[in-house]
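K.L.:
Chains as they are written, first to last, in the numbering used here: chain F, 5 to 869; chain L, 7 to 321.
The hints are simulated quantities; they were obtained by calculation from the structure and are not laboratory data. Predicted model, so just to flag it, every value in this text is computed and none were measured. Idealized CB from N, CA, C, for every residue including glycine. Among the hints, a few may not be true.
Computed footprint of chain F on chain L; a stretch qualifies when at least three of its residues, placed anywhere within it, have a C-beta under 8 Å from a C-beta of chain F [said to hold, decoys possible]:
| # | region |
| --- | --- |
| 1 | 97 to 105 |
| 2 | 112 to 121 |
| 3 | 191 to 199 |
| 4 | 270 to 284 |
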Amino acid sequence: MISRSQPGHYPPSDLDGWDHTWSRLVSALDADGETRTWHVLDNGVVDPIGTLLCVHGNPTWSYMWRDLASLSTRWRVIAVDALNMGFSERTGGNRRLAGHVADLSAVTTALSIEGPVVTVAHDWGGPISLGWARAHLDQLAGVVLMNTGIARPEGVQIPALIQAVRTRATLRATCVASQVFLRGALRLARPSLSREVHQAYVTPYARPTARAGIGDFVEDIPFAPGRPSFTMLDYIAGSLEHLAETPALLLWGVKDPVFSEAFLSDLHARLPHASVHRYAEAGHLVMEDIKGAPVILDWLETVRSPTSPALASVHPATSSGGGGDDGRRLWAALEDRSNDEEIAVAEMSPDGSTQMSRSVTFAELDQQVKLLADRLVAAGLQPGDRVAPLIPPGIDLVAIVYACWQAGAVVVAADAALGGRGVASALRAARPDYVVADWRGLVFARGLRLGATMLSLKPLPRAVQFTLGVAASLAKPADASPARELGFGPGPADPAAVVFTSGSTGPSKAVVYRHGQLEAQRDALAATYSLSRDDRLVAAFAPFAIFGPALGMSSVVPAMDISSAATLDASAFASAAQAIGATIAFASPAALVNVVATSDGLDKGQRDAMTRLRAVASAGAPISTAALRAVSQNFANADIHTPYGMTEVMPVTDISLEEIDLAGRGDGVCVGRPINGVELAVTRIGALGQSTWEFIGKPGATGEICVLAAHASGGYDRLWAIQNHTRRDGWHRTGDVGHIDRDGRLWVEGRTSHLILSADGPVTPVGIEHRAELVDGVHQAAAVGVGPAGTQQLVLVISTTERSAGVLADPQLTDAVRQAVPFDVAAVLTVRHLPVDRRHNSKIERQRIATWAESVLTGARVSRL
Amino acid sequence: MTGASGMFGRAVAQTLLDRGDDVTVFQRRTAALDCREICGDITDSAAVTSSVEGIDAVVHMAARVSPIGSRRVFDEVNVRGSAGLAAAALRAGVQSLVYVSSPAVAFVGAPQVGASAVAADPTQARSRYAQSKAKAEILMLKANRPGFAVVSVRPHLVWGPGDTQLVARIVRRAEAGRLRLVGAGAALVDTTYVDNAADAIVAALDRAEVAHGRALVVSNGEPRPVADLLRSMCLASGVDPPTRHLPLGVTKALGGGAELLWNALRLRSDPPMTRFLAEQLGTAHWFDQRLTRKILRWEPRVSLDDGLALLADRR
């Protein structure tokens with residue numbers, strides 16, 4: 005190692021986002037009794053609530069904490085550059101973990117840090133900060149950890165990259181003599197760092213003599229017994245048992261080749277009470293990638309008050325007694341009919357014939373569920389374990405889901421409609437303990453390396469079973485006798501399912517439902533659609549297909565490609581209805597639209613079956629009134645309904661076609677009145693589109709739609725920041741904007757992220773679009789804002805009935821649109837087709853349109869939308 | 007008030023007179039206004055010094071405005087003339103000075119999209135006129151001190167009936183069939199109807215106590231695609247609107263060439279295109295008006311559509 009000392013010094017004053025008045029040089033005795041100078045960031049908050057002690061990792065420096073320093077007005081931020089790192093002294097010697105821990109204590113003593121301290125650390129700073137925490141338990145008020153590790157999780161190798169760098173030959177070359185390691189580490193940022201920020205990170209490490217500390221850190225990585233710092237790390241890891249009562253926050257960038265998710269799981273297991281947010285798109289430098297400072301400051305609010313929203317929302321209303329009126333378990337109706345020979349679930353043959361390919365009676369299904377539950381337990385399943393069935397909707401899926409529930413397992417419902425990549429990322433997020441699948445699903449799951457126990461649904465040849473790493477087949481009688489005690493079962497507050505948002509409004513999010521909440525959802529559906537065991541259901545919308553047995557209803561799964569709703573045609577739909585004499589149908593809008601489009605070739609029997617339906621509901625995405633009207637013409641005796649809701653709360657409201665006609669036109673889409681047990685409210689939206697929790701009581705006032713319901717989900721899975729933002733006192737914030745009219749009907753006017761943030765306040769898009777679409781020549785319209793928030797201009801992007809010459813709508817049409825819209829319209833642009841989301845084929849992608857419109861209106865070359 | 011002879015200057019003077027202020031105007035040729043008038047050149051320091059005797063507040067609008075010209079002439083009038091006026095005003099005990107600037111002082115080529123009034127940039131500004139105005143604005147704001155409140159107001163594209171700058175040039179070109187839309191004509195551009203601009207200058211005088219030391223962009227707050235604006239102005243003026251397009255790159259190249267040629271030959275006429283004009287017509291120019299309106303307690307009285315109707319009426 006290069007042994008050259010250099011005193012600590014001040015950073016240059018022109019670093020991006022860095023306030024030079026924060027810099028202090030602090031002298032103290034180090035672990036070896038030598039006087040050293042440290043460069044310390046101190047944001048100098050007077051009379052603080054406490055201190056945030058921030059500890060950087062390798063090869064960064066306290067620059068990482070600049071946003072925290074500038075945004076924190078009530079917590080004093082102290083961030084210390086380690087010796088031989090950042091702008092602190094170059095000692096000329098090597099420092100190991102124990103030395104860094106002792107140094108940090110020396111600095112806090114020299115600074116006379118008193119009162120509560122929350123440590124905030126990243127990478128190598130993690131163990132150092134926890135070492136400090138162990139020595140200052142009396143002061144410790146919380147710990148924040150980001151992409152770090154205190155032990156090598158079982159089965160995890162040190163990444164090959166680090167291994168390679170660490171050999172004697174390459175260590176000096178990559179870490180000290182060159183900037184290979186430094187720049188490589190900074191390149192882990194997702195998205196890339198700006199040039200200015202990158203520059204600021206490399207500034208203290210410009211010369212090889214300044215980089216000795218980087219090499220020392222890499223050399224000291226102690227994830228194996230025998231390494232010099234292994235004992236110290238092991239001691240620190242063991243000390244975490246003292247933190248059982250200490251508030252903890254774990255923020256994790258998943259795309260990190262060094263501290264992978266296994267390290268997160270390891271830390272979470274040691275700090276099971278921690279708040280966790282897993283950022284699927286962020287990398288190693290998570291603080292940069294997610295702009296983490298506001299998240300940490302929000303979390304600190306919850307640390308201070310014991311009655312915080314975050315803590316309250318973890319246990320919503322249902323924890324006091326469960327959701328269902330009579331607290332009936334999800335499988336209660338199935339047990340009621342355990343001697344019933346009526347069809348419980350039927351599958352239609354995929355060859356297009358009108359025949360059922362398989363069916364089970366209630367008696368058979370009840371037996372099958374109990375058997376599967378026993379076999380799951382025999383395979384080692386514990387209550388609370390997560391099980392991901394990768395099985396298409398049908399008898400097997402229904403059986404395994406109810407078996408999981410009886411056995412106390414949590415069903416991970418990664419719906420195939422998410423697409424292959426969506427299912428993969430959903431499974432990675434939900435970490436199932438077991439995967440149950442046919443051989444196709446097993447091949448898929450094996451490729452994901454989930455670390456889950458693989459169970460095959462059907463018997464597999466031994467060789468195949470071995471190749472796929474399958475532990476057991478659920479088709480085989482268990483070797484041991486069932487260990488499951490009768491009468492044992494999960495309670496209403498126990499988690500029952502993890503489901504996923506569509507991802508059409510941002511990255512897909514994992515949502516957790518408890519048993520009580522699903523029971524309440526079952527009861528809400530039954531009450532809203534007057535469902536009874538005399539009803540028979542066509543289940544063309546996957547989430548509700550599962551509820552057939554819970555409601556004691558026969559159900560049939562029509563022949564279709566379940567990953568694409570639009571593959572359901574009229575014949576398949578009608579045959580399914582005919583097969584069980586259906587009275588009710590649930591389907592997605594895309595499926596219903598296709599049923600209408602292909603209804604010409606139906607035979608009389610099929611038509612009669614369609615006529616026998618008493619209710620048809622379009623669920624899962626918005627549907628236009630015109631499409632709903634077309635649907636009604638194919639079902640002579642059915643009430644046509646469409647519920648409004650989201651993955652987190654479903655349904656919220658419901659409306660029939662008649663009620664839509666009665667409501668007429670208005671600002672937004674009328675989605676009806678709240679169903680029984682749902683409380684609705686809107687909250688004020690700030691001038692820059694910020695959410696608030698100020699409820700607006702006035703009818704007609706526009707705000708963000710919030711829902712309180714017993715059947716709302718329990719919250720998000722390891723997404724603390726979203727949980728904290730969307731939940732308060734059991735209320736769920738939907739991200740939709742709208743108003744409640746004098747008759748108590750809800751009108752949806754768009755998403756909060758689609759508001760046009762004009763100088764006169766936020767403007768909602770849907771009402772404007774409806775008015776523009778009434779203008780002759782306008783086919784479809786999108787209202788978007790261009791320019792900076794708070795001074796945005798309203799722009800309408802339209803598709804026209806006749807082709808337009810240029811990107812600007814012709815003057816007459818522009819004038820007509822301006823006349824029709826009660827706000828100042830800066831420009832009217834035309835496109836051939838407005839882009840819609842791929843999953844639902846109905847939601848206009850306003851954000852994409854806004855980006856395009858802004859580019860066109862700068863005068864840039866007109867690109868394709 | 008300096009430079010009261012143009013459409014904008016007259017409007018400011020008239021607004022002040024209408025509300026009963028005691029106004030003295032100073033410019034080269036008579037403005038034919040019903041008030042005290044001194045005819046003189048802004049570069050004549052003796053004339054300037056005597057003009058500010060006994061004056062409470064100055065509105066400085068006089069400037070050399072031209073698409074081309076030598077740096078020396080722009081600097082002489084716009085920089086040294088302004089500096090001399092500010093020095094004389096300070097000596098004479100004037101309490102406030104409103105400098106009429108332009109958003110061009112901060113335009114460095116990138117589109118201005120809901121832009122706030124960032125600092126003037128004399129090195130990056132895109133024409134000799136804009137560079138001279140930028141230098142002058144910096145000097146004027148530097149002169150701001152207790153007892154001498156200096157405000158810079160940057161109205162964007164002032165137009166109205168009797169306009170010899172923007173509207174007249176557009177109409178002349180359209181009549182000659184030489185008006186082209188740059189690119190798709192979709193660049194969003196904000197403008198200022200003359201009465202609104204005049205109100206804003208007066209508001210800046212009245213609010214100098216609060217606004218001093220600042221530069222504030224003033225506009226109608228109704229940006230439109232440049233093709234819309236040209237079309238509306240042509241129609242209001244009774245000429246056919248432009249229909250033909252020229253790509254932005256080509257227009258800039260033509261403008262650059264014409265500038266070189268005109269400057270080299272010292273031609274006095276307007277060149278058919280300049281680089282600056284190409285960028286003005288081809289990139290977005292609209293502004294965040296929230297701070298301006300809050301500080302000046304001013305709102306535009308005449309909307310874009312009303313202004314266009316007035317333009318058509320006075321034809």
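K.L.:
For every hint, state whether the structure bears it out.
P.N.:
Status of the hints after comparison with the structure:
Under the rule that three or more residues need a Cβ within less than 8 Å of chain F, the assignment of the region 97 to 105 of chain L is violated, with 0 such residues. Counting residues of the region 112 to 121 of chain L whose CB lies closer than 8 Å to any CB of chain F gives 3, so the stated coverage by that chain holds, three being the minimum. With 4 residues bearing a CB less than 8 Å from a CB of chain F, the region 191 to 199 of chain L meets the requirement of three and the coverage assertion stands. Proximity of the region 270 to 284 of chain L to chain F, defined as three or more residues with a beta carbon under 8 Å from a beta carbon of that chain, is not established by the 0 residues found.
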